[in-house]
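Peer 1: Here is what each chain is made of, one letter per residue.
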Amino acid sequence: MQTKRIIPVLFIQNGLIVRSEGFTNHQIIGNVISQAHRYDEWNVDELIYVDITKDKNYDARRDDHRIKSYTSIEDIIKAVSKVCFMPLTIGGGIRNIDDIAMRIESGADKVLLNTAVSSKPDLIKEAALRFGSQAIVVSVDYRVVDKKALCYTEFGLRNTGIELSGWLEKCEELGAGEIFLHAIDRDGMSDGFDIDVISKVVSKSKLPIISCGGAGMEEDFLDVFEQTNVSAAAAGNYFHFTESSYPRLKKFLKESNVYVRS
Amino acid sequence: LAVEKKIGVVNYGVGNLASVGNALSKLEVDHVFLDEPNKFSSVDKLILPGVGAFSIAMEELRDRGMLDELLRYVENSDRQLLGICLGMQLLLSESCENGNYEGLNLLSGSVETFNNVVEDLPIPNIGWCYINKKLKESKLLSDLTEEQLCFYFVHGYYCKLVEQNVVSATLNYGVNIDVVIEHNNIFGCQFHPEKSQASGLKVLNNFISI
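So the sequence lines, in the order shown, correspond to chains A and B.
Quick note: the first sequence, position 75, residue 75 per our numbering, numbers continuous.
Quick note: the second sequence, position 88, residue 88 per our numbering, numbers continuous.
Hints are computed from structural coordinates only; laboratory data are not their basis.
One should not assume that every hint holds.
[Said to hold, decoys possible] Here are a few chain A residues that face chain B, going by a calculated C-beta distance under 8 Å: (1) T3; (2) R5; (3) S81; (4) K206; (5) L207; (6) S262.
[Said to hold, decoys possible] Simulated restraints on C-beta separations: (7) B/K5 - A/T160: 50 to 60 Å; (8) B/N105 - A/T242: 46 to 56 Å; (9) A/T71 - B/G13: 22 to 32 Å.
[Claimed, not checked] Subject to a maximum C-alpha distance of 35 Å in a straight line, what follows is the list of computed DSBU-like cross-link-like pairs (lysine-lysine): (10) A/K206 - B/K134; (11) B/K202 - A/K78; (12) A/K78 - B/K139; (13) B/K133 - A/K204; (14) B/K26 - A/K78; (15) B/K39 - A/K82; (16) B/K26 - A/K251; (17) A/K251 - B/K202; (18) B/K5 - A/K82; (19) A/K206 - B/K160; (20) A/K82 - B/K133; (21) B/K134 - A/K4; (22) B/K139 - A/K254; (23) B/K133 - A/K206; (24) A/K251 - B/K133; (25) B/K133 - A/K254; (26) B/K6 - A/K78; (27) B/K134 - A/K82; (28) A/K82 - B/K26; (29) B/K139 - A/K82.
The structure displayed is predicted, hence computed values, not measured ones.
Idealized CB from N, CA, C, for every residue including glycine.
So that you can see chain A by itself, here it is in the shape it has in the complex (with noise of 0.2 Å):
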């Protein structure tokens, strides 16, 4: 049987790791390798790596911080393929073909997309039938307004208009294999999982689906799998500053008869 898995997900900003909150304040919290190998290190799931970086600056500046800084996405993804035996996704700064390419070519699993999908459609279909859909997951970053879920882009500055739904199907049509679903709103809140959003998304879509945003505790991983039949759930700042934090979500879920990979 199918475990439900839990998702890190790293946000690299320059070369860097950063932990983020409501997708505008970033701080610098470690080496994008020494991040890898300890979560290497708790057997996660899987990984989720985000290039948030907006002038495609990989700064060398930081060295002074002790922290060693990488030159370029590419070499991110090989160094990090090298140390991680588990599902690597990698998203951020994709436009076309040649960047989905170049990253899978690299070691990354899949990727994720989002902004560029968003204006051109069609490339979540080219992808698919390049690399298939397993490789191809969409990345949809959304805000309730007015009760609605819409679609947003450009980290989670844009409002397309688009009603999330109707591009969930769109996505599946076109052959996506996976839907990331964010919820802006709550990046950094730690007030828990959208469960209202997440559980329409689910049973309207055959895809599987990773919830990501809001988690602050334990108890909101486990409302998550208990309240919606989502495939995963994914978090960014929770794993970050907590001691064993991945290791100790893994054991409170089991025991709370949540059918996880121990």
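Here the structure of chain A is known, so what remains is to put chain B in place on it, guided by the hints.
Peer 2: Relative to the frame of chain A, chain B by itself:
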């Protein structure tokens, strides 16, 4: 663990070879990516990876002259072949993915779709699944505890073998499917050992140690 064996990973333009290579490096095993069929005989064991569509994979093998060479390779029973994911599916007689296509026919069986068979579960099957080991002796799964029998799967089609005695493990994903097969020198696993943490590395190591 240093093993004096050389492993060949078949490179036929399908799938992410880097991760298989990284896993073999981690196990400190001498390995080489083979993109020419005439080099197959230089290795002790072959790994056939694969991601994507069945028919395209068969076409690529054929176009590169690798199809006959693969069949010749396993005629020598001292040499072993391991198919991973789509690579396992290719070992069977046929597949119904996007039509009807012949496989390598090293083992009798067919590749079936989850569509219209599985309800209430996401398709494809993406994620970690505990598998059910059969009572028979298994070389690939040897020394793995029940708790360790959890692997990473990504597939929309599944294998159904004719002879159940070649099946070492099954999985119930709405329907019972065959996920580990071993018969003489032919081996296959539906999951990705190179992406299944310590359990997966153990399976690869078991294959290398045969």
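Peer 1: Does 50 to 60 Å hold as the CB distance between B/K5 and A/T160, or does it fail?
Peer 2: holds, 54 Å
Peer 1: Are the Cα positions of A/K251 and B/K133 separated by 35 Å at most?
Peer 2: holds, 24 Å
Peer 1: Below or equal to 35 Å on CA atoms is what counts here, so check B/K134 against A/K82.
Peer 2: holds, 33 Å
Peer 1: Was the hint right that A/S262 lines chain B, CB cutoff 8 Å?
Peer 2: Cβ of A/S262 sits 6 Å from chain B, so the hint holds.
Peer 1: Decide if the proposed pair is consistent with the structure: B/K202 and A/K78, CA atoms, cutoff 35 Å inclusive.
Peer 2: holds, 23 Å
Peer 1: Between the alpha carbons of B/K133 and A/K206, is the straight-line distance 35 Å or under?
Peer 2: Status holds; Cα separation ~29 Å.
Peer 1: Take a quick look at whether B/K133 and A/K204 sit within 35 Å of each other, Cα to Cα.
Peer 2: holds, 34 Å
Peer 1: How about A/K206: closest beta carbon in chain B under 8 Å, or not?
Peer 2: holds, 6 Å
Peer 1: Taken at face value, is the distance from the CA of B/K26 to the CA of A/K82 at most 35 Å?
Peer 2: Within the cut-off at roughly 8 Å; holds.
Peer 1: Quick one, are B/K134 and A/K4 close enough, alpha carbons at most 35 Å?
Peer 2: The given pair, whose Cα atoms are some 24 Å apart, holds under the 35 Å limit.
Peer 1: Does A/K206 pair with B/K160 here, judged by a C-alpha cut-off of 35 Å?
Peer 2: Holds, at roughly 23 Å.
Peer 1: Quick check on A/R5 please, does its C-beta sit within 8 Å of some C-beta on chain B?
Peer 2: This hint holds: A/R5 lies near chain B, its Cβ roughly 5 Å from the closest one there, short of 8 Å.
In terms of the numbered hints stated before, the structure departs from none.
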